[in-house]
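K.L.:
Produce the complete structure using the sequences and hints provided.
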Amino acid sequence: PAPAPSGSALTNNGATVNWHSQKLKHVVDSGDFNRAAVDVVFKEALKMEKVKPNTKESKVLSGYIMSTLFYEPSTRTRLSFESAMSRLGGTVLSTESAGEYSSAAKGETLEDTVRTVEAYADCIVIRHFQEGSAKRAAAVASVPILNAGDGPGQHPTQALLDLYTIQREIGRLEGIKVGMVGDLANGRTVRSLCMLLSMYNDVQVYFVAPEVVKMRDDVKAYLTARGIKWTEASDLHEVAADADVLYQTRIQRERFLDMNEYAAARGKYIIDKDLMRILKPTAVVMHPLPRVDEITTDVDSDPRAAYFRQARNGLYVRMALLKLCLADGHPDIPL
Amino acid sequence: PAPAPSGSALTNNGATVNWHSQKLKHVVDSGDFNRAAVDVVFKEALKMEKVKPNTKESKVLSGYIMSTLFYEPSTRTRLSFESAMSRLGGTVLSTESAGEYSSAAKGETLEDTVRTVEAYADCIVIRHFQEGSAKRAAAVASVPILNAGDGPGQHPTQALLDLYTIQREIGRLEGIKVGMVGDLANGRTVRSLCMLLSMYNDVQVYFVAPEVVKMRDDVKAYLTARGIKWTEASDLHEVAADADVLYQTRIQRERFLDMNEYAAARGKYIIDKDLMRILKPTAVVMHPLPRVDEITTDVDSDPRAAYFRQARNGLYVRMALLKLCLADGHPDIPL
Amino acid sequence: PAPAPSGSALTNNGATVNWHSQKLKHVVDSGDFNRAAVDVVFKEALKMEKVKPNTKESKVLSGYIMSTLFYEPSTRTRLSFESAMSRLGGTVLSTESAGEYSSAAKGETLEDTVRTVEAYADCIVIRHFQEGSAKRAAAVASVPILNAGDGPGQHPTQALLDLYTIQREIGRLEGIKVGMVGDLANGRTVRSLCMLLSMYNDVQVYFVAPEVVKMRDDVKAYLTARGIKWTEASDLHEVAADADVLYQTRIQRERFLDMNEYAAARGKYIIDKDLMRILKPTAVVMHPLPRVDEITTDVDSDPRAAYFRQARNGLYVRMALLKLCLADGHPDIPL
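Residue numbers (our numbering), protein chains in the order written: chain U, 330 to 664; chain A, 330 to 664; chain G, 330 to 664.
Copies of one chain are not kept apart here, so a pair can be met inside one copy or by any two copies together.
Computed list of lysine-lysine pairs in BS3-like fashion (alpha-carbon distance at most 25 Å, straight line):
{"#": "1", "residue 1": "LYS543", "residue 2": "LYS506"}
{"#": "2", "residue 1": "LYS372", "residue 2": "LYS385"}
{"#": "3", "residue 1": "LYS388", "residue 2": "LYS354"}
{"#": "4", "residue 1": "LYS506", "residue 2": "LYS602"}
{"#": "5", "residue 1": "LYS597", "residue 2": "LYS543"}
{"#": "6", "residue 1": "LYS609", "residue 2": "LYS506"}
{"#": "7", "residue 1": "LYS609", "residue 2": "LYS597"}
In short, the hints are calculated from the structure, not lab data.
These figures come from a predicted structure and were not determined experimentally.
P.N.:
Here is the structure:
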């Protein structure tokens with residue numbers, strides 16, 4: 330594919346920079362994962378689905394310590410990482426709100442905090458309100474840094490679990506048709522997913538968004554440069570009839586100054602029982618969660634509602650990444 | 330006994346709805362525990378008192394993960410549950426303040442949160458400010474829900490540990506005389522304890538409360554309907570001379586608008602050294618803690634001061650409940 | 330040495346009161362550690378540096394539970410203790426902000442909280458805003474109390490790790506020359522370090538502080554009474570040329586009413602690349618962290634910059650203390 334346009338969120342450095350020796354070095358940017366790297370992670374994640382408690386596989390990270398360093402709250406992501414570490418026999422040191430409570434309040438830099446915490450833990454899961462924080466942490470850390478979201482920047486484990494869910498639910502990534510719905514301007518997940526999808530052939534993307542939160546030009550240019558077909562559509566029903574995946578997102582209230590505008594945007598594209606009648610029997614609905622009302626709860630019992638399975642896949646992908654970062658001897662990792 | 334009057338806090342559904350296969354399904358409402366179920370829990374709790382570190386018994390929940398989901402802070406209850414899980418070899422994912430930090434702030438329903446967290450944990454301990462929350466969680470959860478207090482509603486593990494403490498301290502529940510003292514109007518613990526005590530024969534209950542926080546009529550009617558004798562008394566000394574158990578409670582400042590009224594209520598019924606002289610040598614003083622000054626600290630060294638032992642019993646009862654919820658093969662559970 | 334002057338922070342009770350049977354009873358006050366006790370701790374800490382995951386040594390506290398009870402946030406100290414416990418196979422119950430969330434808000438005394446939490450944990454690490462809190466906790470606790478800082482009072486594990494770092498970096502404590510720099514009036518760490526250093530022969534201490542935050546007279550008197558030479562110096566370069574250790578501290582903004590005064594004090598004694606040229610090749614720079622700008626970051630790569638190693642030593646010293654408090658059979662402990 331053509332080189333990526335500039336802009337940190339869209340830079341694809343190629344996976345090689347990200348791996349060292351037999352281990353995954355850091356998980357900072359989804360753009361660091363090429364197809365070969367994604368394949369390794371997904372192969373491992375598939376194994377993770379079958380890990381049973383009290384087996385040898387469930388103790389592969391025994392003796393390892395993971396610290397979560399969350400400068401911004403995110404119960405879901407934190408618990409997912411902590412569960413992943415626990416399911417592999419590792420130990421967790423937890424920080425629910427490093428921003429408020431830590432030395433940060435006394436003026437310590439993130440770099441100093443990381444150089445201190447790396448004495449206590451074998452890897453650090455960091456969530457920070459500032460874009461680029463995870464990269465800064467990785468630059469000074471002697472232990473793997475896993476980016477659990479850095480403000481408007483990257484959230485690579487979410488992007489990988491989204492892609493993994495499509496692979497698991499539909500059975501393929503080549504030739505997939507994905508309808509992205511909702512707040513596409515601010516949605517970090519859809520932006521990252523576009524980037525990852527661009528590595529696969531014959532992908533078709535539909536953007537269905539209220540005018541005020543349309544997909545931005547940088548992503549469109551990125552897709553075009555890589556030969557990915559994308560279309561802006563205003564009729565969710567038309568897209569639903571053709572898509573393999575409907576990826577719904579929450580309209581983020583906090584982005585709106587005008588509450589009338591918010592209400593209009595929020596109510597525009599709802600996935601409900603009626604829409605599910607149009608959706609192909611083999612298609613699925615995804616959502617990064619939390620959901621407000623953009624998918625009605627009567628859809629939950631439909632077998633094509635994949636969002637809670639998607640959340641569970643986050644566990645498997647994070648288990649895979651932690652194992653690849655910490656455990657010795659992964660002959661599959663491309664060097 | 331006669332059927333329970335309406336009102337969710339006072340509904341006794343019978344334990345059978347609560348058990349499935351060989352396990353305890355959920356711990357949501359103390360009213361779900363009939364005498365047979367209570368017997369099973371207490372028999373297990375007694376075994377828990379003898380669990381020693383690094384023994385087979387201390388690893389019965391090895392490989393299991395418990396998540397605490399506390400929308401309302403309660404260090405004591407959270408630590409008690411987390412210690413119980415740890416003492417049985419289980420792993421804990423902790424959430425000190427889910428309300429403030431979680432997706433709840435973005436508008437996620439409790440049901441969605443539970444359906445996400447159940448991917449990360451094998452059981453969920455939930456504390457919530459809203460009555461009925463634990464029941465709502467249990468309705469959608471595929472893993473056991475343990476109610477650690479839902480606002481003015483239920484706090485079943487507290488009720489069970491209170492009953493267990495009476496059994497352990499006095500040696501019986503039949504024919505017991507219990508003086509309940511303090512804030513009986515708002516005290517969730519005394520209300521639940523009344524309900525559980527009503528399953529036993531010849532129980533006698535004394536209510537000793539300042540006028541403004543008297544025991545409510547619903548509980549009195551519940552007791553009457555089940556043939557339990559209850560008396561309202563204004564003289565704590567008289568009650569102390571006759572009771573097997575004095576169950577003291579804190580006057581909850583936050584319930585009062587008029588601070589003079591609060592001060593009067595708070596100072597009215599104090600358990601001190603003088604009162605202990607009247608108490609029978611075989612009787613005990615209980616308190617759900619935290620205490621302010623309704624029991625003076627010079628009572629602590631009296632062997633009849635059972636409140637710190639009561640706190641410890643909470644550990645054993647919660648160990649028992651977690652084991653009954655999670656571990657396989659409990660032939661004793663009534664089906 | 331001569332007896333200590335009065336004042337709790339400066340009282341040396343002798344280590345014997347602190348040890349019972351084969352175990353360390355509590356870690357409340359660095360003044361409780363005499364040279365023999367310090368030797369035991371350091372000998373153990375040295376062993377801790379070599380503990381590898383999944384070895385017998387890494388499981389010496391398996392089955393033990395440590396609870397952190399932090400009334401005041403301190404991510405660094407909390408994670409250090411929790412990592413130490415984990416590295417020895419123990420389990421952690423964590424409380425990030427007991428002050429805000431616990432029963433304390435309802436009026437419970439620290440003593441009651443400790444008597445409750447000791448039912449859940451085998452040792453309690455307490456951090457509290459009030460001087461003397463750890464001592465109060467230890468007075469009622471049946472499990473070891475480890476003081477993680479009680480307001481302006483003691484922070485004994487920090488004092489011990491500082492001393493341990495000097496021993497490890499310089500190879501001796503006798504005849505050491507230590508320049509203490511920065512906020513000496515309010516810096517708890519430098520005060521405690523002075524006290525511990527006073528147990529060793531031929532120690533020379535330099536105080537280099539802005540006028541408004543000079544070392545207080547009580548410490549000076551304490552040193553003099555014990556025959557320790559101390560000098561107040563205003564030229565950091567002169568001290569740097571002679572010292573074996575430069576112990577830099579942060580000027581604490583929160584102590585100043587006048588921000589001009591703060592700015593002047595803060596900028597006065599900076600350790601930078603220029604100063605490092607004067608420092609002896611065998612000398613080291615220490616800092617309790619967090620740092621703001623009193624050591625410039627270009628010093629970090631100098632091998633004599635010992636502050637991140639110092640943080641790591643905190644882990645080893647805390648591992649040693651936890652093991653000495655909890656594990657059975659330490660024939661080396663002086664009785």
